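*Asks:* Those sequence lines, one after another, are chains L and H.
First residue of the first sequence: 1, per this note's numbering; consecutive thereafter.
First residue of the second sequence: 1, per this note's numbering; consecutive thereafter.
Think of the hints as simulated: they come from the structure by calculation, not from any bench.
On a predicted model such as this, the values are computed, not experimentally measured, just so you know.
One or more of the hints may lead you astray.
[As the list claims (entries may be wrong)] Straight-line distance between alpha carbons at most 30 Å, and here's what the computed BS3-like set of lysine-lysine pairs gives: (1) Lys42/L x Lys105/L; (2) Lys57/H x Lys56/L; (3) Lys14/H x Lys67/L; (4) Lys67/L x Lys9/H; (5) Lys57/H x Lys67/L; (6) Lys2/L x Lys67/L; (7) Lys14/H x Lys57/H; (8) Lys14/H x Lys2/L.
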Amino acid sequence: QKEVEQNSGPLSVPEGAIASLNCTYSDRGSQSFFWYRQYSGKSPELIMSIYSNGDKEDGRFTAQLNKASQYVSLLIRDSQPSDSATYLCAVNYGQNRDDKIIFGKGTRLHILP
Amino acid sequence: NAGVTQTPKFQVLKTGQSMTLQCAQDMNHNSMYWYRQDPGMGLRLIYYSASEGTTDKGEVPNGYNVSRLNKREFSLRLESAAPSQTSVYFCASSEALQGSNEQFFGPGTRLTVL
Numbered sequence: 001q002k003e004v005e006q007n008s009g010p011l012s013v014p015e016g017a018i019a020s021l022n023c024t025y026s027d028r029g030s031q032s033f034f035w036y037r038q039y040s041g042k043s044p045e046l047i048m049s050i051y052s053n054g055d056k057e058d059g060r061f062t063a064q065l066n067k068a069s070q071y072v073s074l075l076i077r078d079s080q081p082s083d084s085a086t087y088l089c090a091v092n093y094g095q096n097r098d099d100k101i102i103f104g105k106g107t108r109l110h111i112l113p
Numbered sequence: 001n002a003g004v005t006q007t008p009k010f011q012v013l014k015t016g017q018s019m020t021l022q023c024a025q026d027m028n029h030n031s032m033y034w035y036r037q038d039p040g041m042g043l044r045l046i047y048y049s050a051s052e053g054t055t056d057k058g059e060v061p062n063g064y065n066v067s068r069l070n071k072r073e074f075s076l077r078l079e080s081a082a083p084s085q086t087s088v089y090f091c092a093s094s095e096a097l098q099g100s101n102e103q104f105f106g107p108g109t110r111l112t113v114l
């Protein structure tokens, strides 16, 4: 059973601090990793993709991937109240174009003003 | 460029009624997906279509059927709705390049089955 695990939270972080969100996955064959943000009542929105070990930065967001330890994380610097949302980790198993994504259940992030 | 669109936004059905959820994308993507999202369960794949003319079952296909009408459109049909199908339904599409699968979601349909 391929699984993606996330702490459900809520994770409370003061405004201006760094929010750290973590995700582990079960299958070493995973090739692609994604972070989605979902505001309450809205659809998931892709914010980061990462495909190789190391860090990938995009504005205030940094995705970190460690395939040996099978975890992927998302750092949000200078957290803002508008970052309050549920963050979904997603993992694409395999290399075929029709491979499916497995989503974690999400971590609720609350930025404290 | 609307991205992924879904209709209707909200729907209330009685047990045993049927309905079709519509999805269309204007990004020329090959692959399309239908998910349901329930509290505490996360996003679960119902059906997907890797390309025009093909469809495959996902994790929770029972009680649903799909049609990939053309490259743009992918519909989800509930033949005889049950209260257990009360959920939020999302359609997504992706280019599904080798080794990647960035998916883009529609706004969702909130379905209640009484």
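*Asks:* Now tell me, hint by hint, if it's right for this structure.
*Replies:* Against the structure, the hints come out as follows:
For the proposed pair Lys42/L and Lys105/L, the alpha carbon gap of about 15 Å is at most 30 Å, so the pair holds. For a cut-off of 30 Å, the pair hint linking Lys57/H to Lys56/L is broken: about 33 Å separates their Cα positions. Straight-line distance between C-alpha atoms of Lys14/H and Lys67/L comes to about 47 Å, which puts the hinted pair past the 30 Å bound. Distance hint between Lys67/L and Lys9/H is unfulfilled; the C-alpha atoms sit about 39 Å from each other, more than 30 Å.
Distance check on the hinted pair: Lys57/H and Lys67/L sit about 29 Å apart at the alpha-carbon level, within 30 Å; holds. Restraint check for Lys2/L and Lys67/L: satisfied, since their Cα atoms lie roughly 15 Å apart, inside the 30 Å limit. Proximity of Lys14/H to Lys57/H is assessed by CA-CA distance (about 25 Å); at most 30 Å being required, the pair is judged to hold. The hinted pair formed by Lys14/H and Lys2/L fails the criterion: a straight-line CA distance of about 35 Å is larger than 30 Å.
Checked against the numbered hints above, the structure violates hints 2, 3, 4 and 8; every other hint is satisfied.
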